[in-house]
Structures are given as structure tokens and as C-alpha cells.
Amino acid sequence: MTEVRAAIAAAGIRKSFQVKETGQTVHALDDVSLEVPVGTLTALVGPDGAGKTTFLRLVTGLMTAQEGSLTVLGIDVAKDPQAVQDRISYMPQRFGLYEDLSVQENLDLYADLHGVTAEQRKQRYGRLLEMTDLARFTDRLAGKLSGGMKQKLGLACTLVRSPALLLLDEPTAGVDPLSRRELWDIVNQLIKEENISVLVSTAYLDEADLCARVFVLDQGKLLAQGSPADIAANARGLCFVATPPPGEPPRLLQARLLGETDAVTDAVPHGGEVRVVRKNDIDPARLDALLHEVPTRPVEAGIEDGFMVLLRAKKEVHLSETEASAPERKDGEAGETMIEVHDLVRKFGDFTAVDRTSFSVHRGEIFGLLGPNGAGKTTTFRMLCGLLPASGGTLKVAGVNLRNARAQARRRIGYVSQKFALYGNLSVMENLEFFGGAYGLRGTQLRERIGMMLRQFELEGQEKTRSGQLPGGYKQRLAMAVGLLHGPEILFLDEPTSGTDPLARREFWRRITALAEAGTTVVITTHFMEEAEYCDRIVIQDAGKLLAIGTPAEVRKQAGETDGHRLNMEQAFIGIVEQARGKPEAKT
Amino acid sequence: MSDFREMLFRLLVLIRKELLAVLKDPGSRSILITPALMQGLLFGYAATYDLTNVPYALLDQSHGANSIALIAKLDGTGVFHRVATLETQRDIAEVVDQGKALVVIQIASDFERELSAGRDGNIQVILDGRNSTTAGSASAYLSSVVAEFNAQLRGAAKPPLTVEMRAWYNPNLETRWNFMPGMIASLSMMQVLMLTALSVAREREQGTFDQLLVTPMSPAEIMVGKAVPSIIIGLFQSTLVLCLSLFWFRIPMAGSLITLYSGLLIFTIASVGIGLSISAVSANMQQAMLYSFVLIMPLMLLSGLTTPVRNMPQALQIATMINPLRFAIDLVQRVYLEGVGLFTVWHNFIPLVLISAVTLPLAAWLFRNRLS
Chain G
1 MTEVRAAIAA
11 AGIRKSFQVK
21 ETGQTVHALD
31 DVSLEVPVGT
41 LTALVGPDGA
51 GKTTFLRLVT
61 GLMTAQEGSL
71 TVLGIDVAKD
81 PQAVQDRISY
91 MPQRFGLYED
101 LSVQENLDLY
111 ADLHGVTAEQ
121 RKQRYGRLLE
131 MTDLARFTDR
141 LAGKLSGGMK
151 QKLGLACTLV
161 RSPALLLLDE
171 PTAGVDPLSR
181 RELWDIVNQL
191 IKEENISVLV
201 STAYLDEADL
211 CARVFVLDQG
221 KLLAQGSPAD
231 IAANARGLCF
241 VATPPPGEPP
251 RLLQARLLGE
261 TDAVTDAVPH
271 GGEVRVVRKN
281 DIDPARLDAL
291 LHEVPTRPVE
301 AGIEDGFMVL
311 LRAKKEVHLS
321 ETEASAPERK
331 DGEAGETMIE
341 VHDLVRKFGD
351 FTAVDRTSFS
361 VHRGEIFGLL
371 GPNGAGKTTT
381 FRMLCGLLPA
391 SGGTLKVAGV
401 NLRNARAQAR
411 RRIGYVSQKF
421 ALYGNLSVME
431 NLEFFGGAYG
441 LRGTQLRERI
451 GMMLRQFELE
461 GQEKTRSGQL
471 PGGYKQRLAM
481 AVGLLHGPEI
491 LFLDEPTSGT
501 DPLARREFWR
511 RITALAEAGT
521 TVVITTHFME
531 EAEYCDRIVI
541 QDAGKLLAIG
551 TPAEVRKQAG
561 ETDGHRLNME
571 QAFIGIVEQA
581 RGKPEAKT
Chain E
1 MSDFREMLFR
11 LLVLIRKELL
21 AVLKDPGSRS
31 ILITPALMQG
41 LLFGYAATYD
51 LTNVPYALLD
61 QSHGANSIAL
71 IAKLDGTGVF
81 HRVATLETQR
91 DIAEVVDQGK
101 ALVVIQIASD
111 FERELSAGRD
121 GNIQVILDGR
131 NSTTAGSASA
141 YLSSVVAEFN
151 AQLRGAAKPP
161 LTVEMRAWYN
171 PNLETRWNFM
181 PGMIASLSMM
191 QVLMLTALSV
201 AREREQGTFD
211 QLLVTPMSPA
221 EIMVGKAVPS
231 IIIGLFQSTL
241 VLCLSLFWFR
251 IPMAGSLITL
261 YSGLLIFTIA
271 SVGIGLSISA
281 VSANMQQAML
291 YSFVLIMPLM
301 LLSGLTTPVR
311 NMPQALQIAT
321 MINPLRFAID
331 LVQRVYLEGV
341 GLFTVWHNFI
351 PLVLISAVTL
361 PLAAWLFRNR
371 LS
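Those protein sequences? They're chains G and E, same order as listed. Mapping the first sequence onto my numbering, position 252 (from 1) lands on 252, and the numbers just tick up by one. Mapping the second sequence onto my numbering, position 246 (from 1) lands on 246, and the numbers just tick up by one.
To be clear, the hints were calculated from the coordinates, so they are not data collected in a lab. All the pointers check out, no bait thrown in.
Some chain E residues well away from chain G (every beta-carbon gap over 10 angstroms; in silico):
hint : residue
1    : 4
2    : 137
3    : 190
4    : 287
5    : 337
So, partial list: chain G residues that the calculated Cβ filter (under 10 angstroms) puts toward chain E:
hint : residue
6    : 411
7    : 436
8    : 439
All residues carry an ideal CB built from backbone N, CA and C; glycine is no exception.
Just need the whole structure built from these sequences, with the hints factored in.
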């Protein structure tokens with residue numbers, strides 16, 4: 001075979017789908033041309049529905065484009081998909097592990113499927129198990145592994161043979177920072193040792209930053225390409241950090257700045273400060289007026305800043321807060337204790353999922369539960385909501401234990417689960433009506449509340465759509481609308497932002513901040529460490545134990561932050577977890 | 001009082017949601033009608049032990065006047081159809097083995113001689129025992145034809161005893177009359193069991209069950225909210241089969257509709273209780289499906305629908321005591337065919353009420369306390 005320059009060469013690719021229900025045509029990919037160089041790590045980034053997965057599936061030959069040409073490893077995929085499939089490995093978003101088979105049996109199965117010989121297996125298994133650190137668990141059922149370990153096993157199964165091209169579709173979605181780092185180490189090691197080409201789609205821009213080349217997709221179109229530095233250059237000279245007055249949570253300043261869409265492209269809380277990307281053509285006087293004389297200093301543009309500039313330039317995202325979309329005020333004393341947990345224990349058999357955890361949450365606070373997969377976050381969360389009985393200790397939510405409280409007490413809380421948990425074959429309106437009724441709302445009161453939620457979560461016009469058919473972002477807004485329909489005092493959110501793109505995440509946090517401002521208490525679990533910056537206080541759990549509690553600044557300090565050595569939340573998190581696990585300090 | 005109204009309102013909301021979820025989906029909508037009609041028709045036509053066509057083979061080695069007269073009589077019944085006329089004894093095995101003939105009649109070469117000598121003539125009948133029920137009825141029918149022939153042959157002397165048979169409640173002893181009323185209960189049970197077994201399991205799998213549990217609805221309310229739509233659907237299924245049996249197969253109903261429906265109602269509640277309990281212990285829809293399949297078979301077999309309960313071994317007869325279908329079939333058949341009133345079948349209500357009283361609270365308890 002002749003030497004091929006590009007692992008993937010796409011020219012003028014078009015792919016559209018017909019939506020059965022509405023008869024509309026969706027352009028998943030619209031005139032996309034790109035080249036993925038051989039032997040490099042390349043990233044495909046973009047918001048939800050950008051066409052990332054579609055592109056990967058076209059490369060695998062699992063579907064064909066309507067227009068354009070696509071050459072993979074020098075082979076025309078449309079003509080000879082089998083030849084391409086023989087030389088690539090593909091890990092889809094939800095990798096098909098057999099949960100009732102052990103780790104070893106899963107590996108054997110995939111090795112059998114790919115016709116890997118016994119001789120090759122011996123070498124390959126040893127290496128894969130060592131890389132993924134799964135050697136100790138070969139007899140464990142795949143279904144009993146934690147989320148991060150499952151992803152690693154999925155990757156190992158994908159790699160039972162050495163491919164020329166490896167395709168990874170959001171391999172780290174829903175995986176904690178520690179496991180995420182391990183996954184990337186494996187991929188980097190592969191590229192170095194086996195000289196394979198890797199194309200990875202991701203919603204994490206810090207991951208794209210590790211790649212040699214980045215393609216930015218949005219709504220089926222290729223927005224930009226180049227090295228991470230090239231992408232970051234879009235925001236060059238526009239970035240600065242603003243320091244909020246001491247004692248004030250950065251999210252207040254951040255929310256105010258993000259609301260000024262004509263002046264500011266992006267604002268996120270970062271290390272106790274606010275990182276801002278300003279509009280290129282903004283009048284300096286206007287910016288000064290906005291900042292209310294808080295101190296600022298310019299910073300180097302990062303890939304996420306560049307990405308936001310690209311996306312915002314394309315479509316004017318309206319984030320303006322109107323009177324109608326503002327959440328209603330909750331009355332109550334500001335410092336009142338809403339949740340009190342004391343020596344909480346939960347055991348499953350002889351496994352302790354949550355070990356003597358104590359904390360309390362006050363009214364109007366945003367309280368974050370952070371931890372690696374399997375740390376006990378979700379177990380704690382489910383006990384708070386009354387979905388799981390505690391094995392020991394006491395807990396009080398809004399003054400009662402929801403587990404055995406009268407039904408009325410549950411009216412004071414709202415719950416948004418990790419995955420979309422509304423009735424998919426009922427319409428948006430029917431879902432709202434049902435849950436409204438379940439909380440005892442009816443008649444004009446129900447109409448008014450539903451109308452308010454539809455406005456607040458910008459769901460107007462979607463009332464008749466079947467909720468299962470809604471795009472990802474809308475689904476999440478509907479779930480929030482249902483959780484808040486009855487005006488709860490406490491809102492529980494279980495990994496609400498897992499798998500959503502940066503754009504949707506900012507919008508989400510704006511709503512949460514506004515809710516907390518209006519007096520609603522928010523308890524949230526998340527994998528995204530930078531999101532901890534939005535919280536008033538956070539808890540870090542690992543292996544069921546509470547490792548740290550406090551404001552983000554206090555937690556960073558506990559992780560060893562000094563004025564000279566600043567840490568971001570992710571570094572602080574990894575530091576604290578590794579300290580507790582007794583491993584050497586991370587080399588960050 | 002206002003608490004009660006609040007609860008009633010929540011129940012209504014939940015029932016409406018459950019019915020919407022079933023009726024909005026074209027797939028589950030057709031599942032409500034098609035299988036009941038199809039299975040009802042199938043059972044009505046296909047499941048029959050009635051003798052309408054018995055294929056037989058003849059090996060007549062006598063060729064006498066008597067043997068010819070006997071065979072003519074047999075052919076004249078309209079039930080026996082000769083499919084083969086055999087030449088030698090060796091041919092018998094082939095027609096039976098291949099299932100061509102259910103019955104082989106062999107008339108020996110000395111048949112005529114023995115008869116004319118005033119001694120007994122022998123006919124050998126070979127039956128295909130693989131189909132024991134039909135073969136049994138065929139042999140009985142054959143015996144009656146031979147008895148009639150005997151009576152004619154002996155002429156003057158009339159046999160001292162004759163049997164006059166009257167089958168009550170099913171004058172022509174048609175299997176369909178036995179089966180269709182049974183189907184009114186059993187078909188609806190199959191559907192109700194599947195529907196309810198999947199209902200909670202589906203919500204658990206899709207995560208909506210947690211969302212339900214955090215609302216002010218109590219597990220008991222959720223249980224009732226899930227049970228009522230299933231009961232409505234179960235009764236609708238029964239009605240479909242009832243109409244089929246009344247208007248299509250024209251099996252006359254002797255009893256009152258009120259008695260029938262009050263029996264069906266309590267029976268459907270018991271089935272829903274079993275279905276919801278299955279659903280509550282299942283972690284996902286696959287498990288729920290499997291459990292209900294495993295359960296449906298013994299429920300059917302131990303119901304007395306196809307084979308009478310009193311023919312079963314003692315241990316199994318005791319086992320039928322916890323099978324709601326057993327009581328429902330007894331009840332429906334007696335009300336439908338016999339026309340008995342509530343006072344005659346009331347004893348069937350007791351076990352049905354007991355089964356509901358155990359399974360429904362159990363399901364409600366399991367909703368919240370199943371170890372996850």
C-alpha cells in the first residue's frame with residue numbers, strides 16, 4: 001500500500017436526517033472538509049448536536065454520507081467499508097460491555113470477535129491490563145465496576161488488537177477527573193509507542209488542549225481548525241481576570257457580566273476570581289462601568305476562550321434576563337439551616353458506601369457534592385431525597401427525614417435526576433400537568449405555574465412536542481422546569497451538566513445562580529471541577545469518606561494552595577483525593 | 001377531609017397519566033385489541049377435542065357381507081373418513097406412524113365364518129395413542145357404532161339396557177363452549193400480568209420512578225394509581241372476548257352480566273396485584289418479562305382450563321388454591337353456562353379477595369423498600 005499522508009481525508013461531506021415525527025430535515029453535517037494527519041492525536045469539539053458522532057460513524061463506514069468523499073487510511077469508506085473496519089477501532093459513546101461477564105471474559109469476547117490469535121493475546125492482555133490498572137479485577141463482573149473503570153475496560157476491549165486508527169466518541173463523558181487523567185495517559189502512551197492515529201470527540205475543552213490538532217464543529221459546519229493555540233488565538237488580547245470584592249462569591253460578578261451580551265463574550269468563575277472574555281469592539285468606558293471598579297489583570301487566552309469567541313460570533317446567544325424569566329423569591333430567614341446531616345452511614349452488605357458524613361446546608365446556598373465515581377455522592381444524594389434509607393446517623397431536610405416524613409414534607413423539595421427521567425412518550429405539557437398535579441397544583445394555579453416555567457425555561461412553543469423527542473438541552477430545561485414547578489425551597493440536582501457542552505453549562509449555571517439569589521437552596525453533584533467555583537460551599541468525598549468541606553477557596557487552601565502557587569479546582573480535587581489515598585502528590 | 005380530597009385528586013392525576021401513556025403509543029394501543037381478538041378466535045376454532053373428522057385405515061381380510069355392512073355404517077356416520085385401504089398387516093405401521101390415520105380397523109379373514117357359526121366375530125382396532133384424547137373419543141364412538149350394529153345383527157332380541165345421555169349446559173358437548181368462557185378470564189389475565197409487570201419496571205429502568213417517589217404521592221397511592229388503569233384495561237379485554245364468544249361463536253349466556261362482571265372485577269384486581277408484585281421486585285423490564293412468562297404457564301396449566309383440577313395429583317390440587325385463574329374460570333363457566341347467581345359462586349370470591357389482600361400491599365411495600 002502506498003504511504004498515506006492523512007489518516008482521514010473528508011471533502012464536502014453532507015449528511016442529513018429526516019425527523020419522522022415532524023418531517024423536518026436535520027443537517028447533521030453540512031459541507032465538512034477536513035484532514036486528520038497520521039500519527040497524531042486529533043480532537044473534534046463542539047456543542048451538543050454539532051455532528052461529532054455522525055462524523056465518527058461515517059468514518060467507521062457504519063453510515064454513508066449523501067454527498068462528498070471520505071477517505072480513511074487511503075481507502076474510500078463508501079466503496080469498501082469492510083477494509084476500513086478491519087484497520088480501525090471504534091469506541092462509541094456507550095460502549096457495549098457485557099455487564100454479566102467478567103473483565104477477562106469481556107476481553108476474550110472482543111478478542112474472539114476480532115480474531116486475535118492466542119499468541120497475540122498473551123502480550124496484548126498483559127499490556128492492556130497494566131495500562132488500565134485492571135489486572136486486579138479480571139474476575140470482577142463488568143457491571144460491578146465503577147464508571148471510570150468501565151470506560152477503561154471499554155477502551156481495553158477496543159484495543160484488543162492494534163489499530164491503525166482509533167476513534168473515541170466522548171470517552172470521558174461522566175467520568176471523574178482522576179479516571180479522566182488515567183484514560184488520557186493510556187491514549188498518549190499508545191500514540192507514543194504504537195504510532196497510531198487517534199480521533200477523539202469531546203465536550204471538555206481542556207482535553208482538546210492536549211491534542212495536536214483541533215476541529216471545531218457547530219451545527220454540522222466546520223467552524224475552525226488548527227492547533228489548540230490557533231483556536232485560543234481567537235480570543236487573544238480579549239481575556240482578563242476580575243477579582244470580586246473579598247467575601248463576595250465570584251458567581252455574582254460572573255452572572256452580572258455574562259448577562260451583558262453586548263459587551264462580554266464569556267465569563268466564568270475561576271479560582272475565586274472571574275475570568276472574562278470581552279467583545280472585541282467594546283468601548284472601554286462601558287466595560288469600566290460594568291466592572292464597578294473591581295481590580296482586573298489581563299491573562300493569556302486559553303482554548304476555551306477561543307472556542308467561546310468562535311461560537312458566540314456565529315450566533316447571537318440571547319441570555320438577557322427579562323422580568324418574566326426571573327425566578328420568584330423565596331421567603332425565609334437567610335441563615336436558616338435547611339439540611340442537617342450527622343454521622344450519616346450507608347452500607348450495602350459489608351460495603352460501606354457512605355461513612356459517617358456530617359454537614360449542613362443553609363438557605364439560599366449552592367452546595368456542591370464532589371467526588372470520583374463510586375465515592376458515595378449519589379448514595380448521599382439519594383438518602384437526602386428520601387429515596388434510600390440510611391443505615392445509621394441522622395439527617396434532616398427542611399426539618400424532617402424525608403424517608404419517613406409525611407407526604408406534604410416532600411412538597412418542599414424538587415429533584416432533577418442524573419439522566420432524563422420524565423415520561424418520554426408524553427408531551428411537554430402533559431409532563432408538566434402530571435407532575436404539577438402530583439404536587440397538588442390544579443386549576444388556575446397550575447396554569448399559572450406552568451406558564452411561568454415555560455417562560456422561565458424558554459420552552460414556549462414546545463408544549464405539544466413529545467418530551468422524548470426534545471434535543472438534549474431542552475430535555476434538561478424541561479427536567480428543571482418539572483423540578484421547580486411546585487416552587488420548592490430546596491432543589492436537588494444530580495450531575496445535571498454531565499454530557500452537556502460549555503455553552504449549555506453556562507446557561508444552566510446562570511439559572512442556578514439566579515435561583516439561589518432568590519432564596520432557593522441548591523444541592524448539586526458534579527464531575528466538572530470548575531463548576532465547583534459556582535458553589536458557595538463544597539464537599540469532597542472519596543470511598544465514602546468526607547475529605548474536605550468549605551468554600552472553594554478553603555478547599556483549595558487545604559489542597560496546598562498558596563499565594564505563589566495557585567491551583568484550579570481540578571488540581572485541588574486531585575490533590576485532596578490523592579492525599580487521602582496515600583499516593584504521592586500529583587505532579588501538576 | 002381536605003387531605004382525602006387532595007389524595008383523590010393525586011390519584012386521578014396518576015390514573016390519567018397511566019392511561020395517556022398506554023393510549024398515546026400506537027404500539028401499546030394495538031396490543032390492547034389485536035392479541036385478545038386473535039387469541040380468542042384461535043382458541044375458539046383451533047382448540048377443540050370434538051370429533052368431526054377421524055381419518056381411519058381399513059384392513060378388511062374378510063370381505064364378507066357383514067364386514068361390508070359394518071364399514072358402510074361407519075362411513076355413514078360422517079365422522080370417520082377412510083384414508084387408506086390396506087392389503088396386509090405390514091402396512092398398518094406406516095399409516096399410523098406417518099399420522100395419516102388415527103384409527104386402523106382390522107377385520108380378520110375368519111370374521112364372516114365365526115359370525116355365521118354363531119360365535120363372536122372379532123374386530124381389532126389400533127389407535128394412535130400419541131393423541132390420546134381424540135383417540136379415546138374415537139374408540140368410544142366406534143364402540144357405539146359397533147353396539148348399534150350388534151343390535152341390528154341379533155335382530156329381534158332388544159338389548160335390555162339402553163343409555164340415554166343428556167349433557168347439561170353444553171348439549172352437544174362442544175369443546176368451544178368449555179373453552180371460550182374460560183378465555184374471558186385467562187386471556188385478560190395474560191395481558192394484565194404483562195402490562196402491570198412492565199409498568200413499574202419500565203419506570204424504574206427509565207428513572208421516572210424516583211421522580212415519582214420524591215413527589216408527595218405515597219407508595220400506596222402510586223400502587224392504586226397503577227392498579228386502576230390496569231383493571232380498566234383487564235376488564236376491557238374480558239369484554240372483548242365475551243363479545244367474541246357471544247356474537248361471533250354464538251355461545252348463549254345463561255347467567256347475569258352483573259354477576260359475571262363482579263366476579264371478573266375481583267379476579268382482575270388479584271391479577272393486577274400479582275403483576276405489580278412482579279414489577280416491584282424486578283430491577284428492569286427484562287426481568288419483569290421473564291418472571292411473568294415463567295408464571296403464566298403454571299397459572300394456565302393449574303387453572304382447570306384445559307384439564308380438570310380433580311384429575312391432578314393431590315399436591316398440585318393444593319397448589320391450584322393460590323391460583324386466581326382457577327377460581328375465575330370456575331366462576332365464569334358456571335355463571336356463563338349454568339347461569340348460577342352470586343350465592344352459588346360466592347366461595348370463589350374468598351380466595352380472590354385473599355390473593356389481592358396479600359399481593360397489593362406487598363407491591364406497595366416493595367415499591368419503596370426493594371433493595372437497590
